[in-house]
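Number of protein chains: 2
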Amino acid sequence: MKSKLINFILGRNLKSDDLKNEKYNIFWGLPILSSDAISSVAYAGEEILWILIGVVGLASYKYMFYAALCIVFLMFLLVFSYRQTIDTYPNGGGSYIVAKDNLGTIPGLIAGSALSIDYTLTVAVSTCAGTAAITSAIPSLLKYKVPITVILIIFMTLGNLRGVKESSRLFGIPTYLFILSVAFMIVTGIVKVHFFGASSQALYPIPQATGDISIILFLRAFASGCAALTGIEAVSNGIPSFKEPSQKNAKIVLMLLGIVVLFIFGGLSYLTTLYHAVPNSSNTLISQIATQIFGHSFMYYIIQCTTAIILIMAANTAFAGFPLLLALISKDGFAPRQFSKRGHRLSFSNGIIFLCSMACILVIIFHAETHLLIPLYAVGVFISFTLSQTGMFCRWVKQKSPYWRHKAFVNGLGALVTFATVLIIGITKFHLGAWIIFILIPFLVFIMITIKKHYTAVATQLKLDINQRPKVINFEEQKRYAIVPIDTLNKSFLKALNYARTISNNIIVFHISVDKEATEKLMKKWEEYNIGIPLVIKESPYRSVIHPLVKFIKSEEYVAGPNDTVTVVIPQFVVSKWWGNILHNQTSLFIKGMLLKERNIAIVTVPYIIEEE
Amino acid sequence: MKSKLINFILGRNLKSDDLKNEKYNIFWGLPILSSDAISSVAYAGEEILWILIGVVGLASYKYMFYAALCIVFLMFLLVFSYRQTIDTYPNGGGSYIVAKDNLGTIPGLIAGSALSIDYTLTVAVSTCAGTAAITSAIPSLLKYKVPITVILIIFMTLGNLRGVKESSRLFGIPTYLFILSVAFMIVTGIVKVHFFGASSQALYPIPQATGDISIILFLRAFASGCAALTGIEAVSNGIPSFKEPSQKNAKIVLMLLGIVVLFIFGGLSYLTTLYHAVPNSSNTLISQIATQIFGHSFMYYIIQCTTAIILIMAANTAFAGFPLLLALISKDGFAPRQFSKRGHRLSFSNGIIFLCSMACILVIIFHAETHLLIPLYAVGVFISFTLSQTGMFCRWVKQKSPYWRHKAFVNGLGALVTFATVLIIGITKFHLGAWIIFILIPFLVFIMITIKKHYTAVATQLKLDINQRPKVINFEEQKRYAIVPIDTLNKSFLKALNYARTISNNIIVFHISVDKEATEKLMKKWEEYNIGIPLVIKESPYRSVIHPLVKFIKSEEYVAGPNDTVTVVIPQFVVSKWWGNILHNQTSLFIKGMLLKERNIAIVTVPYIIEEE
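So the sequences go chain by chain: E and C.
Using my numbering, read the first sequence as starting at 8 and increasing by one per residue.
Using my numbering, read the second sequence as starting at 8 and increasing by one per residue.
Since the list gives no way to pick out one identical chain from another, each pair is judged satisfied if it fits inside one copy or across any two copies.
27 Å max Cα-Cα, derived DSS-like pairs, lysine-lysine:
| no. | residue 1 | residue 2 |
| --- | --- | --- |
| 1 | Lys498 | Lys599 |
| 2 | Lys470 | Lys528 |
| 3 | Lys528 | Lys478 |
| 4 | Lys460 | Lys528 |
| 5 | Lys584 | Lys599 |
| 6 | Lys498 | Lys470 |
| 7 | Lys486 | Lys561 |
Don't read these hints as lab results, they were simulated from the structure.
Chain E extracted, bound-state conformation:
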């Protein structure tokens, strides 16, 4: 029943061999790995104008176009740089790997944690934005903002748990719808003005200029617009998810992504200049332009609707990228190992569920208020860009392979520009919350190093020398000590005792007396039962059920020496109802947990299965 329900929701289990069928081709790889990058185009231009328009007035449109050009230039720098990375790292070359490989472990971990933080924020921010779109339309839902956002996140999580390919179909379509409808708007808008001479009257008054452009102002505008570049990492990190030839496919997708962003971002920026849209807290730039081009017609609602959906879908890039990143870190031993294992449906289910939980916690803590989360956003991704670019730069300089000067120039320039962006974002948003990131990254790096240390220490201690042979055991002469704890004389105990008698001929039945009455009842019954196995009874004045047993085993009173292994045979009855375990076995669980800490004790659990009506 339960597993049928799970299969219905998550799809059937998948064999490991199915993995190659589960990979992306170019057509589905593009939307699933690029929805983050493409969706940020929806607000990047607006962010730039917000900075400029209060100061330079109408001239903003000119400088906005320059800033957009710079960003597109930076994007192609990144695209070409990441194409070099894809060539160099066929198994996935995210910042984590590139930085670790070329700059060392610590820079790698910094890049890894910066990216992890950003992925988590992407999920939280974009689903909150999606909810905001829904609640603007239906204000009565406003008080259910948090539950709606959490449900959206859980819905995405379920979609992603269904496995790689199915989720790409599920989430790929809206990206294409957005691209198509925006492309249609760009073409219509340009045609309308240039061929039909439509008026392009601004909907809102353009503020008067109060000052002149400055380098600082322009850089701030540029930095704000850089939000458009947050999703590019995902493609080069996702190479292993592509169908063969995966490197080639990834490079094509990356280039297509660049072209799509160029077209949409450039197109939208041009339309903004053409129609003089004015940033405004109640009406987005896209909405203004769509109103001017289509009026409040059907097409306007299509634009608004696909924009809202793609903003939510941006979270999906994180769901594709984060589990892969975590699996890489986990394989290196810096994160718990279970993150590197694929689930029943071949997705990295633990990573997906972890991302879901973290995002939900963020949403609940920040009450689904986007504006509280935004300042934390985008710092992380530019830190990881900087480290990745610097890593590639060092690689070329060290290796001096053919054309190394050209390649090093591309990456070096990228490193400088992204580093400048980190500084600008970090400084301007520091007091708004970006400081949290600068505390969180060292903390995460510390945790990851501690985990690695732990795994290394354990592995060292477990390492077996090939010359270390098993003990010489003369089976016939083997001493076998067994203790069977008893609480009441029942069938479950008898089964455990029967088992103990098959493995040992030195058995003691041990009772811990907490309640005198019960103990006397047991003693009487044991005498009646009379099977010639000694019953040892120890008082437990503090009602502890474990210390008297351990004390007895270690005491002189007991026959086994300090180097003999003692087998403790614990009867445990097993009930089929899930809530049954709340009612039983608390004590035996506790005993087992405590005995595990003792060196020479082996713990046997003999299950007795209770049939239920």
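Starting from the known structure of chain E, arrange chain C on it as the hints suggest.
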């Protein structure tokens, strides 16, 4: 370290023999078991006046006095009735026991759940009231209402976990302070008017009468004042917590409680009449009277302060009563067994923690708003009174012991009056939330019956016939099949293998192949190691680590027959750091959980302890 901290907070562990030293004498038993009853006096008179004053104006004070007289009469009816109960039930005679014993299981469970609900509400309501007193004084704390209430509850929980006697001292003193300061106020107030002829001008105008008194109105007023009687049950339920002679001590405490309530309730009602205090949402009756008597002097603040504290302390009666009640229900098998076990410090710690959790959940759900919880309150306790009185009535009628007519009259009258009160409270407050109680009680009864059924079914199946002897086992000829799962060849595995070789000479090492590369590496190493024990490898295309093992054991391929017991020896390494277990052993835990469901498999855990730096 950890246990030292716990000892510091909760006090040292206590031996079972300490139980008799931990019990209450009369002096400490009175405040700890009566703070609920005494504290409700602080608002009972006010509740009566609220109902009356809008209708009958000045005449209210007369009828209030009549209602107070009726309530005092009802209280002494209950006191005498419960003295009869204490005589009859020396081991604690709460409504649960009395109803179960004389009316049957279902009425007993109804009384038990009604009381449990009321105890939980007492904690939530009284701590919320205490928080309200704090936040009225310091309004800037208003937004931290919920955390403050939760902290208050946790503080009480810790106090109660310290053990019976220490908590009575901790919580007993404020009750005495309240009694003394209110007594001082009553005496001063009366002396001032009668001997010094002080004016007793009302602080607020008394509303004009708009109608005449009616039976219905008077009954509603009476029912509202019955809140004063909510804590009486606690004493007769708590007999086992008294020092010997416990019955006599409990009866004395019950009588003292009656006298204290009579004096304070009667005195406050008389003062209200004398000083014409008018109920008012911003100034309590006690505060008005204290103002008139003392002005805003030091004594006024003493009165206000002890009132606030005793309102919070009322929660403590529930902490004393609820765990005892739950322990009784649990001993009868209607609640999980762990509620009947005393903790390290001899209190019923599980019950205390459970009460704390439920109250915190209520506080969080209802946002610490007292007025949302009040309508749910007091229905439960009167349902349990009715059942208890009816039970005692039936007992006398059935047994016909000496003076049975007199005794039956007392309890019969009590049953009628309390039942009438249930009807009045239930009907007037039904739409305000009392309906929740009428849904919740049947639900709790259903759960308790289901638990009992489960325990009975398990006990029946486990019951051992004394003639059912252990199996005849010829130790030397015993077949012993063992399987040791392997993931990597390391010291932990070797220890498990060594152990398996001491108990078996039919060993198979079993590997589940999820990752081909790792499997090949293992096969190569196993060949090198070459110790003559067969290694069986099974592919697991769906990456399950358990099904292939169970399938193999049941298959024809395996040597053991379907009736032979197979021992699965699982290596488990044990790390000392608490977070270490997140990083390891997930798989072995999972395997153990699944294997438990198989009938002929015994599971051995061989711990390998990892030393850490």
